[in-house]
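Asks: Sequence:
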Amino acid sequence: MAPSQQKRDKKISILGKIQKVDPEGIPVESWEPITGGENIWAYYRQASAKEFYEAAATNYRVDAIFHVNWRDDVDSSMMIRFRGEDYNISRIDDFEGYKRELKIHAYKLN
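Converting from the sequence shown to this note's numbering requires adding 3 to each position, the first position being numbered 1.
Hints in this document: simulated from the structure, not taken from any laboratory.
Worth double-checking, as some hints may not be accurate.
[To be verified] Okay, derived cross-link-like pairs now, PhoX-like style, lysine-lysine, Cα gap no bigger than 25 Å in a straight line:
id, residue 1, residue 2
1, K53, K106
2, K13, K53
3, K23, K102
4, K20, K111
5, K14, K102
6, K111, K10
7, K111, K53
8, K102, K10
9, K102, K13
10, K106, K23
11, K106, K10
12, K13, K106
13, K13, K111
14, K14, K111
Bear in mind the structure is a predicted one, so any value in this text is a computation, not a measurement.
Produce the entire structure from the sequences given, and follow the hints as far as they go.
Replies: Structural data, given as structure tokens:
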């Protein structure tokens with residue numbers, strides 16, 4: 004299978020959850036780029052945007068697709084940071100097991 008021909012002209016970072024201890028000794032979670040996952044080239048496409056109501060407030064869900072070069076250290080517990088916004092990874096498609104690229108489905112809530 005040939006890799007996709009979309010232009011990878013956007014920079015993203017892949018974030019993993021890190022456990023830290025603050026100065027008072029309290030454990031805190033933070034999101035930081037994984038090793039080699041900061042400022043990588045990607046193709047970006049908005050897949051859809053949906054409006055929904057929750058707790059008497061209007062919210063938006065924006066679904067996006069990111070194509071990156073293949074790597075084996077990305078999973079659905081991670082996030083994508085794109086243009087200062089964090090996207091939750093919902094699914095990862097490795098194109099039938101070919102180790103050429105990953106298609107990452109992600110979403111953000113506004």
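Asks: Of the numbered hints stated previously, which ones are contradicted by the structure, given in increasing order?
Replies: 3 and 10
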